[in-house]
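Chains Y and X are the protein sequences, given in the same order. So in the numbering used here, spot 23 of the first sequence is number 23, and the numbers just go up one at a time. So in the numbering used here, spot 149 of the second sequence is number 383, and the numbers just go up one at a time.
These are computed hints drawn from the structure, not numbers from a lab. Mixed in with the good hints there might be a few duds.
[What the hints assert, rightly or not] In silico lysine to any residue, SDA-like type, Cα no more than 20 Å apart, as pairs:
#, chain 1, residue 1, chain 2, residue 2
1, Y, K94, X, V302
2, Y, K94, X, K310
3, Y, K118, X, K263
4, Y, K170, Y, S31
5, Y, K118, X, D392
6, X, K310, Y, K170
7, Y, K94, X, K263
8, Y, K74, X, T440
9, X, K263, Y, G15
10, X, K262, Y, L5
11, Y, K118, X, K312
12, X, K395, Y, M1
13, X, K312, Y, I19
14, Y, K74, X, K263
15, X, K312, X, L327
16, X, K395, Y, K118
17, X, K394, Y, M96
18, X, K439, Y, A55
19, Y, K67, X, S314
20, Y, K94, X, K312
21, Y, K67, Y, R208
22, X, K371, Y, G15
23, X, K262, Y, E78
24, X, K394, Y, K118
25, X, K373, Y, Q119
26, X, K439, Y, E206
27, Y, K63, X, N390
28, Y, K61, Y, L5
29, X, K439, Y, K63
30, X, K439, Y, T95
31, Y, K94, X, I239
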Amino acid sequence: MADILEVNNLSISFGRIKILSGLSFSVKEGSSLAVIGPNGAGKTLLFKALIGAEAHSGEVKWKPGVKIGYIPQKLDLERDLPVTAFELLYSKAKTMGLGSKEVEEAIELVDLSLADSKQPVGNLSGGQFQRTLIAFALIGDPDVLLFDEPTAGVDAPGQNKIYELINRLKKEKNLTVLLISHDLTLVYEYADEVLCLNREKMCFGEPRKVLEPKALEELYGSPQKYYIHDEHRH
Amino acid sequence: MNIDINYLILSTIIAAAAGLIGCFALMKKMTLASDAFGHIALPGLGLAILFGINPLVGGAAALLIGAVLIWLVENKTKISSEAIIGVIFSASLAIGSLITPEEHLIEALFGGFQKIDSAEFAIAALISLGVIAFILKNKEKLVISLISQDLAATSNIDVKKLNLYFILFFGLTVILGLRYSGALLMGSLVIVPAAAAKYISRSLKTMLSAAAAISVVSTFSGLLVASKMDLSAGPGPIIVIIASLIFFAGLILKPKN
């Protein structure tokens, strides 16, 4: 399958400090790529460069005409912000020249109830807010979804539901998914390829092939615990 | 003392504009900026009085320079806008109080009743309607960018341009308010109705309408009350006191949750 994203020699510096250097990789259309790495590895910064919100050198080449949906890691929202989830979603629809029909469709896709969507965003639970952000990303029919730690701030049963949702959307809409995750078990389960990042590319390839204990120890600087649900899945 | 009817109409439109733009200033955490803008206008007012020009023109010039300066520093450095605004506003206040002739200082700081001619009425009304139109047309983009600049980037929003427009329209609103509130109190008129509205609202739609309504009611009643009293400081303080009373009434009645 053709590449939907090609990254060549991407570097990002803050002043004299290089955060990312010489990063090159590509993502195939319809596949899912997990980005893993320790805190401060530059994962979020990489995503910001991919959506064009962070100045960088090198090349980020999306397939022409590709539409991107982005789900940020964590938003520091005021608890008493008088903006309902529906209003937030409708705002995106409006800027994209769409209407409330598309908003209702997106709400349905992520299993959020219409009644919950009429709540102020500060009143939503972590899981509900995460669904709202996914719905936000889905408005405008994106080809690619970028998730920055999709389950941060969501309780354990909620986390599985979010991953099931991502997987279902990916299949239904034939999406390409890029996600940052700390959960290696889920990376094994859901990602076609994995990019290990610690300011530079440490490994890249199928999780089963590249995620060896030694590679992980090198990446995180300490042995990692993980297990594989189903050894014979493929 | 009778109030000029044009003055009353104009004040009402300005109040609506201030209430609306105040909502986003408050949510963008620019409360300090609204006060600061009033103070930034002061050196302009002072210079204009010294040279015999319409003080509003001087105030407007100072504010526009201040707004662009804040926007530039914010874009070129990683300093927070609160810090930049704090520095520029203290410097402006210091320069302004040095160069403004003493007998005009109180009026520049607190506003006053003035008769306005029809040209000024037309220009001021047009600007306030422009502010209202800007907010109503861009409220969706403003909401997304205040919730997350990254979400804005993936929603086809030019955040830098939007911020510049916002700060310019914000400056314009403050200039308009200088006419009757003065440099010290205009900031309060932008923020107090918005703060009261935010507290009682659960949606953006409610907050915007409530803020505009509270602002208009406080201004209108403030002008009426002030016209019955002999106030050297003009109607500004009365308007802000009424708006603040509405805010505290909201706190006490607390319909939220």
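Right, here's what the structure says about each hint:
Pair hint K94(Y) plus V302(X) does not hold up; C-alpha atoms about 29 Å apart against a cutoff of 20 Å. With a CA separation close to 31 Å, the supplied pair K94(Y) and K310(X) exceeds the 20 Å bound. Between K118(Y) and K263(X) the CA atoms are separated by roughly 24 Å; this puts the pair beyond 20 Å, and the hint is violated. The straight-line distance between the Cα atoms of K170(Y) and S31(Y) is roughly 9 Å, inside the 20 Å bound, and the hint therefore holds.
As the CA atoms of K118(Y) and D392(X) are separated by approximately 27 Å, the hinted pair breaks the 20 Å bound. For the hint pairing K310(X) with K170(Y), the CA-to-CA distance comes to about 40 Å; that exceeds 20 Å, so the pair is violated. The hinted pair formed by K94(Y) and K263(X) fails the criterion: a straight-line CA distance of about 24 Å is larger than 20 Å. Taking the CA atoms of K74(Y) and T440(X), the gap is about 27 Å. The hint is violated against a cut of 20 Å.
Distance hint between K263(X) and G15(Y) is unfulfilled; the C-alpha atoms sit about 28 Å from each other, more than 20 Å. For a cut-off of 20 Å, the pair hint linking K262(X) to L5(Y) is broken: about 34 Å separates their Cα positions. The suggested pairing of K118(Y) with K312(X) is violated, with an alpha-carbon distance near 36 Å, which exceeds 20 Å. Taking the CA atoms of K395(X) and M1(Y), the gap is near 39 Å; set against the 20 Å cutoff, the hint is violated.
Annotation: proposed proximity of K312(X) to I19(Y) holds, straight-line Cα distance about 17 Å (limit 20 Å). Distance hint between K74(Y) and K263(X) is fulfilled; the C-alpha atoms sit about 19 Å from each other, no more than 20 Å. Our distance criterion of 20 Å between C-alpha atoms is broken by K312(X) and L327(X), whose separation comes to about 24 Å. Annotation: proposed proximity of K395(X) to K118(Y) is violated, straight-line Cα distance about 30 Å (limit 20 Å).
The hinted pair formed by K394(X) and M96(Y) meets the criterion: a straight-line CA distance of about 18 Å does not exceed 20 Å. At most 20 Å may separate the alpha-carbon atoms for a hinted pair to count; K439(X) and A55(Y) exceed this at roughly 35 Å. Of the supplied pair hints, the one linking K67(Y) and S314(X) is violated, its CA atoms being roughly 32 Å apart against a limit of 20 Å. Between K94(Y) and K312(X) the CA atoms are separated by roughly 31 Å; this puts the pair beyond 20 Å, and the hint is violated.
Distance restraint check for K67(Y) and R208(Y): the Cα-Cα separation of roughly 30 Å exceeds the 20 Å cut-off, and the hinted pair is therefore not satisfied. The straight-line distance between the Cα atoms of K371(X) and G15(Y) is roughly 38 Å, outside the 20 Å bound, and the hint therefore fails. Annotation: proposed proximity of K262(X) to E78(Y) holds, straight-line Cα distance about 11 Å (limit 20 Å). Under the criterion of a C-alpha separation no larger than 20 Å, the hint pairing K394(X) with K118(Y) is inconsistent with the structure, at around 30 Å.
Under the criterion of a C-alpha separation no larger than 20 Å, the hint pairing K373(X) with Q119(Y) is consistent with the structure, at around 19 Å. With a C-alpha separation of about 49 Å, the suggested pairing of K439(X) with E206(Y) is violated against the 20 Å cut-off. A threshold of 20 Å between alpha carbons decides the hint, and for K63(Y) with N390(X) the separation of about 17 Å falls inside it, so the pair holds. Of the supplied pair hints, the one linking K61(Y) and L5(Y) holds, its CA atoms being roughly 6 Å apart against a limit of 20 Å.
A threshold of 20 Å between alpha carbons decides the hint, and for K439(X) with K63(Y) the separation of about 39 Å lies outside it, so the pair is violated. Distance check on the hinted pair: K439(X) and T95(Y) sit about 17 Å apart at the alpha-carbon level, within 20 Å; holds. The hinted pair formed by K94(Y) and I239(X) fails the criterion: a straight-line CA distance of about 39 Å is larger than 20 Å.
Consistency note: the structure conflicts with the earlier hints numbered 1, 2, 3, 5, 6, 7, 8, 9, 10, 11, 12, 15, 16, 18, 19, 20, 21, 22, 24, 26, 29, 31.
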